[in-house]
Each structure stands twice: as structure tokens, then as C-alpha cells.
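First to last, the protein sequences are chains W and U. To convert, note that position 376 of the first sequence is 376 in this note's numbering; the numbers rise steadily by one, no gaps. To convert, note that position 119 of the second sequence is 119 in this note's numbering; the numbers rise steadily by one, no gaps.
Do not take every clue at face value.
[Said to hold, decoys possible] Here are the computed distance ranges between Cβ atoms for each label pair:
1. U/Val-152 - W/Trp-203: 51 to 61 Å
2. U/Gly-39 - W/Leu-335: 38 to 48 Å
3. W/Phe-268 - U/Leu-35: 53 to 63 Å
4. W/Thr-43 - U/Leu-118: 17 to 27 Å
5. U/Ala-45 - W/Leu-198: 52 to 62 Å
6. W/Ala-263 - U/Ala-133: 37 to 47 Å
7. U/Gly-157 - W/Thr-43: 30 to 40 Å
[Unchecked claim] Covered stretches of chain W (chain U as the covering partner; in silico rule of three or more C-beta atoms under 8 Å from a C-beta of chain U):
8. 48–60
9. 159–165
[What the hints assert, rightly or not] Just some of the chain W residues that point at chain U, by a computed CB distance under 10 Å:
10. Ile-199
11. Ile-241
12. Leu-242
13. Thr-246
14. Ser-252
15. Val-253
16. Arg-282
17. Thr-283
18. Thr-284
19. Phe-385
Keep in mind the hints are simulated off the structure, nothing from the lab. Predicted model only: the values in this text are computed from it and were never measured. Note that beta-carbon positions come from the ideal geometry of N, C-alpha and C, so glycine has one too.
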Amino acid sequence: MTLLPEAIGLIAFVSLLVILMAGIPIGASLALVGTVGLALLLTPEAALIKVGVIAFDTVTRYELGVLPLFMLMAQLCFAAGASGDFFGLAAKLVGHKRGGLGVASIGGCAGFGAISGSSLATVATMSAVALPEMRRQNYHPGFAAGALAAGGTLGSLIPPSGALIVFGIIAEQSIGKLFAAAVIPGITQALFYIAVILIMVRWKPDLAPPGPRASWRERGAAALRIIDISLLVLFVVGGLILGWFTPTEAASVGCVGGLVILAVRRKFTSAALSNALLETLRTTGMIYTIVIGAIIFSTFVSVTGIPDHMIGVVDAVGASPTMAIIMMAIMLLLLGSFLDGLALMLLMTPILLPVVENLGLSPIWFGIFLVRTMEIGFVHPPLGFNVYVIHAGARDIPLGSIFRGVIPFLAGDFLHLAMLIAFPAIVLWLPTLQG
Amino acid sequence: MDSSTETPETLSRTHRFLIFAGSAGLLVAMATDALAVLGRHVGFAVIGSIEIFQVAAVVALSSSILMVSMMNRHATVDLIIGRASGRTRAFLAQIGRAALAITFGLIAFGSIWVAVDLWPTTEMTELLSIRLAPFRLIWITACTLAAVHFSVSFAKGLRK
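Between the sequences and the hints, there should be enough to build the whole structure, so can you do that?
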């Protein structure tokens with residue numbers, strides 16, 4: 001009996017879900033299922049050659065160099081001591097208002113997220129900096145932790161974002177356009193979280209009492225501490241959006257800027273540099289293994305014909321683009337309960353992207369939508385990585401309390417996602433200006 | 001997998017070599033690209049900067065993938081493995097090692113196949129005529145060593 005390519009694809013998809021859930025490394029899972037699938041659909045020899053070609057092409061692809069270089073830029077900024085500076089400034093500006101430190105934590109997450117490009121790094125760093133401060137000011141622990149867990153997700157969206165770079169690679173979309181597209185959704189997401197905090201403290205004033213007011217001298221000093229790194233991020237992302245340089249060049253320029261900041265701040269030591277390089281290489285090796293696996297898997301998916309089949313199903317049902325996207329959002333949120341964001345993105349992009357394109361929707365918009373959906377998975381149970389990261393640093397706050405604290409922000413997330421679906425122009429306006 | 005907190009000072013000689021090679025590759029790629037941007041805006045051309053970037057990236061990425069493999073730091077979905085009993089966890093980790101050994105073995109084998117096919121063509125870059133064979137060799141060596149590392153870890157796991 002010969003199996004249809006679509007049936008092989010479906011079996012492979014289910015097998016991949018099972019082995020991912022069993023804790024088999026993500027890169028190996030994707031590569032193995034993809035290779036076995038290609039061997040079944042083509043020939044073992046063709047599959048092996050394909051794997052060899054994909055692997056070396058991936059490590060030599062100039063456009064992919066953006067990933068390790070942006071990571072290095074982030075590590076250099078961390079080494080320069082940028083971790084708490086954004087929160088420090090925001091806390092001095094609004095910390096004296098009710099809920100002010102909560103608002104400051106969102107501002108700190110947005111600022112730090114612009115450097116780190118990662119949700120987990122943002123939440124880990126910001127919770128270490130902001131949570132003790134909020135607890136000292138008698139913030140409700142669950143509310144404070146919830147604000148930080150939600151705020152941490154900004155790291156995945158605010159450019160330069162690691163998740164968007166990976167999406168750009170897998171979907172073969174312009175990383176510059178993806179970064180431009182993420183600017184307004186990132187800002188509006190932060191504003192939604194701030195609105196949630198303000199509504200919550202109006203409803204329950206005890207959640208977040210006001211703190212002491214900082215003097216203008218203190219505020220000025222805090223502002224001075226972030227000015228160099230802010231200018232660097234603005235220059236890199238702005239230059240990229242304006243077309244001064246390609247994404248890889250932007251990342252290289254960012255690294256040089258990071259080295260200069262390190263020197264200006266008198267923190268340019270061999271230990272600082274080697275730690276930054278070690279961390280970068282460590283993350284790079286991990287992500288590239290996954291990217292190679294994802295490209296092998298994505299090649300296999302395109303050979304199965306599953307995307308064409310999905311397009312046929314959507315056409316046959318006659319679903320409107322909005323309805324199809326809502327269905328996709330529900331599916332992604334459900335899968336996000338079991339898979340982490342990166343795995344979810346790598347698994348679903350090759351299947352859903354052709355459907356999205358067939359519906360006449362922009363792949364750039366889909367990238368933002370996918371990352372936004374993925375971000376929600378970072379805070380909703382049972383997975384909610386961000387919640388576990390905070391819990392690991394503050395064991396005395398029960399997990400249930402943090403998840404309860406996240407609920408109002410999740411409501412804000414769903415509203416924000418609905419807004420992005422209803423008004424795609426929020427995403428597409430800036431990339432359109434790029435031409 | 002495991003999550004140790006190594007610093008460059010506490011690492012073995014092999015790790016240090018990989019960090020050195022990877023860092024050198026990364027810094028060369030960064031410097032070449034940054035110089036090309038500067039040149040474009042100031043008025044001089046860095047010919048073949050992308051080619052230098054590409055071969056430097058091979059060194060950086062081969063080193064980093066091998067380093068991460070030797071440190072057992074490949075990313076996993078921890079939902080089940082994180083909550084499993086010690087025995088189940090050890091069993092799943094063992095399958096994970098086998099999967100990584102096979103994956104890197106397949107990548108190495110596929111890469112060798114392609115390299116052998118391309119050997120007679122003396123494949124090189126367009127502008128600077130950099131021969132790609134040595135860089136293919138670096139990549140193949142890294143993947144082979146990663147496969148060997150996971151095979152040895154798997155065998156050690158079986159003995160326990």
C-alpha cells in the first residue's frame with residue numbers, strides 16, 4: 001500500500017508533535033522528521049543530498065548572519081550594564097503615582113526588549129530588577145509578577161526581535177520590513193498593558209500603592225544612563241527601516257556601537273568581551289541547529305502538498321480571510337498551550353503561510369500576528385514560560401497567584417490581537433512607507 | 001537539557017578553543033560588514049566583504065554548534081520532561097542524545113556527499129576566489145564531532 005504525500009505529511013506532523021512534547025531537542029526533531037519524510041517522498045539519496053545542501057547553505061547564508069550579530073549587540077549592551085537602566089528611569093519618572101512602578105516595569109520591559117530581542121531574557125532580567133522594588137513598595141505580589149510576565153513578552157515583538165528574525169528566515173521575508181511592521185504593534189501592546197495597570201489600580205487601589213517622588217536631578221541622571229544605548233538602538237533600527245543598511249549590516253554596526261559603549265562606560269575588559277562572545281556563541285549554536293532543522297522540515301512540508309491541501313480546504317469552506325485568521329489564532333493558542341513559541345512558529349509557518357498568502361493577506365502581517373500569538377503562549381497556562389521564569393526567581397509567590405495576576409493582561413492581549421486582525425494597517429503602514 | 005553556568009575561565013581546553021575560533025569568526029564577520037557600510041557611506045569599497053563574511057560565519061557557526069553540543073545545551077520543549085520522574089527523564093534524555101547523534105550524523109553524511117560531488121569543480125567564491133572546500137571541511141568536522149559526542153554520551157547512558 002502506498003501512502004499519499006498528504007497522509008505522510010499528516011503522520012509526520014503528529015509524530016513531530018509527539019517527539020517535541022517528549023523533550024527531544026527541537027532542532028533534532030524537526031531535522032529527523034523532515035529527513036525521514038523527504039526520504040519517503042523522494043529517495044533516501046535525494047533526502048541526504050538535500051540535507052547536506054540545506055545545512056551548508058544555512059551556515060553560509062549572508063542574510064542569516066543577522067541573528068548572531070544582533071545577539072552579540074545585545075550581549076555587549078548587557079555587559080555595559082544596561083539591564084536595569086530603562087526601568088530605573090521609568091521608575092523615577094512615574095514611580096510616585098499609584099501603579100507607577102507597574103507602568104515603569106512595562107516601560108523597562110519595552111526598553112530592555114529592544115536590546116535583548118527575547119521574551120525570556122527580558123522577563124528574567126526585568127523581574128530581577130523590578131520585582132524586589134515593587135514588593136518593597138507593597139505591590140500585590142501576584143499583580144506585580146503578572147505585570148512583569150506580560151511585559152516580558154514585549155521582548156519578542158519590539159525590534160530588533162529574535163522571533164521576527166527567525167520568522168523572516170523561515171518565511172523568506174524581509175527582516176527590515178518585519179522590524180518596521182513591529183514598531184506600532186509593539187508600542188500599542190505596551191500601551192494596552194499600561195491601560196490594564198491603570199484600570200486595575202483604579203478598581204483596586206491597594207494593588208499598587210504610590211512610592212516616593214524622585215527629584216528632577218535624579219531623573220536627569222537616570223535619563224543620562226540610557227541615552228547612549230537608546231541612541232544606538234534608534235540608529236540601528238531606524239537606519240534599517242530607512243534603508244541606510246541591510247539587516248546584517250545593521251547588526252554589525254550595532255555590535256561596533258556596543259563595543260564603543262562598552263569602552264565609553266569603562267567596562268571594556270577581556271572578561272566582559274569573552275563573556276559576551278561566549279553567551280552569543282552558545283545561543284547562536286542552539287538557534288542555528290533549530291533553524292537548520294526547521295528549513296529541512298519546511299522543505300519536506302512543501303513536498304507533501306499539505307499547504308495546497310489546506311488552501312483547498314479553506315476555499316471549499318468558503319471562509320472569509322478574517323474567519324480563517326480567527327480559526328488560525330484559536331489553533332495557535334491551543335497548540336501554544338503545549339509547545340513553546342519557537343517550536344510553534346517553526347512547525348506552523350510552512351503550513352499556514354501559503355494559506356495566508358492565498359487569502360490575499362500579507363506575509364509581513366502574518367509574521368507579526370504569529371509572533372503576537374506566540375507571545376500570548378508565553379503567559380497563558382499551562383506552559384506560560386514567563387510565569388515559570390518569575391516563579392524561579394521568587395519562589396514565595398505561588399504559581400497560581402502569578403497566573404491570576406496575568407489574567408487582566410491576557411484580556412488586554414486578546415483585545416490587542418483582535419485589533420491587529422481588525423486593522424491590519426496598524427502593522428502594514430510603516431512597511432508600506434518603506435516601499 | 002542541562003543548564004550549567006560556565007564562564008570562559010571554568011571551561012575545558014576544547015571549549016576554549018571553540019570559543020576562540022567562534023569568536024574570531026564572529027568578530028571578523030562583524031568587522032568586515034561594518035567596514036563595508038562605512039566604506040559605502042564614506043566612498044571606498046570593500047570588495048568581497050560578503051564573501052569574507054560568509055566564510056567567517058562558517059567558522060563561527062561550526063564552532064558554536066559543536067560547543068553547544070558538547071555542553072548539551074540544545075533547546076527542548078520541557079512540558080513533559082520537566083515534570084517526569086527521574087527514570088522517565090533519564091530515558092527521554094537518552095532518546096534525545098540518540099536523536100542528536102543521528103541528526104548530526106545525517107547532516108555530516110549529506111555534507112560529505114555534496115562536498116565529494118563538488119570536489120572536481122574546485123568550488124570558490126566569485127570576487128575573491130576563496131576556495132570553499134576547507135570551509136566545507138570545517139563544517140563537516142564540526143557535525144561529525146557533534147555526532148560522535150552524542151553517540152558516546154548515548155553509549156555511556158546505556159551503561160548506567
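Hints, verified against the model:
no.	hint	result
1	U/Val-152 - W/Trp-203: 51 to 61 Å	holds (59 Å)
2	U/Gly-39 - W/Leu-335: 38 to 48 Å	holds (46 Å)
3	W/Phe-268 - U/Leu-35: 53 to 63 Å	violated (20 Å)
4	W/Thr-43 - U/Leu-118: 17 to 27 Å	holds (20 Å)
5	U/Ala-45 - W/Leu-198: 52 to 62 Å	holds (54 Å)
6	W/Ala-263 - U/Ala-133: 37 to 47 Å	holds (39 Å)
7	U/Gly-157 - W/Thr-43: 30 to 40 Å	holds (33 Å)
8	48–60	holds (count 10)
9	159–165	violated (count 0)
10	Ile-199	violated (32 Å)
11	Ile-241	violated (16 Å)
12	Leu-242	violated (13 Å)
13	Thr-246	holds (9 Å)
14	Ser-252	holds (4 Å)
15	Val-253	holds (6 Å)
16	Arg-282	holds (6 Å)
17	Thr-283	holds (8 Å)
18	Thr-284	holds (5 Å)
19	Phe-385	holds (9 Å)
Violation of the numbered hints given earlier is confined to hints 3, 9, 10, 11, 12; the remaining hints are satisfied by the structure.
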